[in-house]
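Protein chains: 2
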Amino acid sequence: MSAPLLSPSRRLRRTPFSDGVEAAGVKAYTVYNHMLLPTVFRSVEEDYRHLKEAVQIWDVACERQVELRGPDAGRLMQMLTPRDLTRTMRGQCLYVPIVDGTGGMLNDPVAVKLAEDRWWISIADSDLLYWVNGVAHGWRLDVMVDEPDVSPLAIQGPKADDLMARVFGEEVRDIRFFRFGHFEFQGRDLAVARSGYSKQGGFEIYVEGADLAMPLWNALMEAGADLDVRAGCPNLIERVEGGLLSYGNDMTDDNTPHECGLGRFCNTASAIGCIGRDALLRVAKEGPVQQIRAIAIDGPPVGLCDRWWPVRAGGDVVGRVSSAAWSPDFGTNVAIGMVRMTHWDAGTTLEVETPDGVRQAEVQAGFWA
Amino acid sequence: MSAPLLSPSRRLRRTPFSDGVEAAGVKAYTVYNHMLLPTVFRSVEEDYRHLKEAVQIWDVACERQVELRGPDAGRLMQMLTPRDLTRTMRGQCLYVPIVDGTGGMLNDPVAVKLAEDRWWISIADSDLLYWVNGVAHGWRLDVMVDEPDVSPLAIQGPKADDLMARVFGEEVRDIRFFRFGHFEFQGRDLAVARSGYSKQGGFEIYVEGADLAMPLWNALMEAGADLDVRAGCPNLIERVEGGLLSYGNDMTDDNTPHECGLGRFCNTASAIGCIGRDALLRVAKEGPVQQIRAIAIDGPPVGLCDRWWPVRAGGDVVGRVSSAAWSPDFGTNVAIGMVRMTHWDAGTTLEVETPDGVRQAEVQAGFWA
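These protein sequences, in sequence, are chains G and C. Residue 334 in my numbering sits at position 334 of the first sequence, with consecutive numbering throughout. Counting from 1 along the second sequence, just add 369 to a position and that's the residue number in my numbering.
Some hints could be false.
[What the hints assert, rightly or not] Facing chain C, a subset of chain G residues (Cβ under 7 Å, in silico):
hint, residue
1, P4
2, L5
3, S9
4, K52
5, N133
6, H137
7, R176
8, G303
9, D306
[To be verified] Some chain C residues close to chain G (C-beta under 8 Å, calculated; not the full set):
hint, residue
10, S495
11, L596
12, F634
13, S639
14, V727
15, R728
[Unchecked claim] Distance ranges between label pairs, derived from CB positions:
hint, chain 1, residue 1, chain 2, residue 2, range
16, G, E53, C, M583, 40 to 50 Å
17, G, D142, C, K654, 27 to 37 Å
18, G, A210, C, S639, 39 to 49 Å
19, G, E208, C, D647, 28 to 38 Å
20, C, R633, G, G169, 51 to 61 Å
21, C, R459, G, D316, 49 to 59 Å
22, G, A225, C, D647, 53 to 63 Å
23, G, D142, C, T455, 31 to 41 Å
24, G, E184, C, R651, 25 to 35 Å
25, C, G716, G, G303, 50 to 60 Å
Simulated from the structure, these hints should not be mistaken for laboratory data. All residues carry an ideal CB built from backbone N, CA and C; glycine is no exception.
Please build the complete structure, drawing on both the sequences and the hints.
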């Protein structure tokens with residue numbers, strides 16, 4: 001299936017970087033948090049190669065922030081996630097599964113602790129603001145919940161440190177993984193974290209104030225000209241190789257964190273106050289009956305995975321594939337799927353129903369990168 | 370600006386009618402509630418003409434349902450909206466603004482009362498399920514909140530009654546506006562309402578069970594062949610002519626219902642229990658300082674309105690346009706905008722900053738159709 005056209009409207013929000021993205025020749029978008037997210041510049045394969053070799057600037061403004069501010073901000077944050085936050089320090093970023101009362105995943109954001117009474121939640125594709133606001137209201141918490149004017153810009157790739165140092169100074173190299181520091185750009189203070197939705201290393205800049213967006217974009221482009229810097233975007237092939245899950249693709253509110261392989265981010269014993277804790281206690285003890293797995297699919301490159309592909313073994317459906325792409329580096333189709341425990345061991349042979357027909361596949365011990 | 374490509378993925382959910390939509394030659398989509406919504410079949414202008422003259426079948430499965438079920442369903446429903454629901458009868462549909470604690474619009478759905486303890490909320494483009502779930506949880510209400518397997522299919526246009534009567538029987542003609550009845554298709558009971566997102570008349574069928582979707586689609590297509598039935602979709606020109614608002618385009622959570630011209634759906638005196646009631650009491654008494662208006666924009670056809678167009682008077686910004694299109698029937702550019710009270714009287718001359726330059730415009734007394 002080829003890509004259809006997307007009808008622009010105000011409802012599919014442009015970002016403060018959209019002018020830069022268009023000037024860089026964006027070829028396709030997806031929609032994420034009611035906002036445009038680029039998906040292709042030259043081609044998915046060419047973008048992939050460049051991401052692994054150079055440095056890219058990504059408009060990920062669609063990672064909207066939910067800000068919690070006030071005396072109950074910390075309490076509310078812990079209500080949202082089964083991850084124990086008691087020892088989280090200011091300046092730390094944490095990947096936090098967010099669950100409802102049944103333990104179902106509502107989002108899988110990165111939480112940014114700005115202060116004891118102030119958090120940002122950098123969200124995946126669902127209106128988490130609505131859940132957080134509803135909970136805060138229902139529990140009469142003393143907290144303000146809002147979407148601030150903050151638009152993340154990601155700098156990803158092996159040359160990300162070099163590029164960032166030119167714009168923000170050498171100190172940027174000292175930021176540790178999933179920590180952030182405050183750096184100045186044009187007299188304004190910005191949170192800069194070592195994080196991002198790729199396995200190639202890099203940073204996410206939380207650009208506070210839309211007016212600063214294009215000046216920063218342009219400064220980075222100019223500073224990195226000799227590093228072959230380009231506009232880029234989260235890359236399907238690279239993220240599947242690396243096992244980076246995508247909310248809405250690889251998991252929904254039907255899934256527990258444990259099914260998503262996120263059990264290590266669930267401290268059900270100590271995360272006192274978490275809304276879904278009771279529901280998750282049992283699954284934490286007994287384990288899930290299905291779980292995310294890396295799956296290699298045989299044969300030539302598969303088509304776009306725009307719906308769940310059934311996974312079978314001996315005629316029975318034992319799972320589904322939710323993301324897939326041909327990997328030039330690993331010479332196979334790489335895929336993310338949910339597989340029942342009877343068939344999730346590494347080396348298990350499966351059949352995947354792709355649009356191009358049934359393909360042999362094999363459960364992997366882990367993701368590729 | 371021409372339409373860019375949309376990258377398909379599982380996260381942008383296909384609908385149970387997508388196979389029919391594709392077979393009918395859909396040319397472009399938007400994304401609505403994380404789901405594909407067709408926007409163009411032949412051309413926006415050709416689809417518009419046909420909608421006004423014949424009958425169309427619309428895949429509006431993206432109008433997802435939020436189901437409230439249980440002893441507290443009615444109480445929760447009233448908490449969500451400032452519209453007084455005390456006299457709502459089973460079998461009734463109601464357009465209900467949904468507001469947060471500040472009176473800001475979270476969604477503008479149609480609520481369907483199935484029974485005293487069972488409601489569907491047929492939502493516009495935001496994850497209302499998250500807000501409703503959060504409120505129900507925080508208030509410890511005895512209610513189940515879920516997204517059921519229900520996909521609305523709209524039949525719109527002047528020949529809608531004729532087409533529907535052929536498939537569901539003559540009784541379908543007796544359904545009154547914004548009422549629904551139960552009708553049988555292939556032995557299954559379906560709620561059929563006289564409603565829809567156009568001013569051309571018609572029905573919405575709440576298709577319960579994805580397996581029934583394509584059989585119904587095909588039955589309608591076959592039954593209407595001599596009525597020139599076609600696949601269609603909500604039409605930008607027709608909806609702006611008719612003043613049908615679009616959540617995310619024409620209003621956001623920054624706006625009160627009164628600003629959106631929805632004051633007549635707010636019974637702030639009697640809607641006891643509504644979460645945003647206190648915040649709306651003052652605005653209900655004093656009125657809003659800006660409000661939605663129909664605006665005619667001079668000159669040749671304007672381009673796509675994919676961002677707010679500033680509206681000026683004498684140099685000052687006094688509003689913004691959020692939706693606009695060239696209307697062949699009215700021979701002008703029709704637009705929906707928010708205008709400050711100093712400039713909202715009918716006949717007021719304004720300047721609108723379109724991508725094609727500044728255009729003269731005029732506030733209208735009402736929408737065109």
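Task: Hint numbers contradicted by this structure - done: 4, 7, 8, 11, 12, 13, 14, 15, 21, 24
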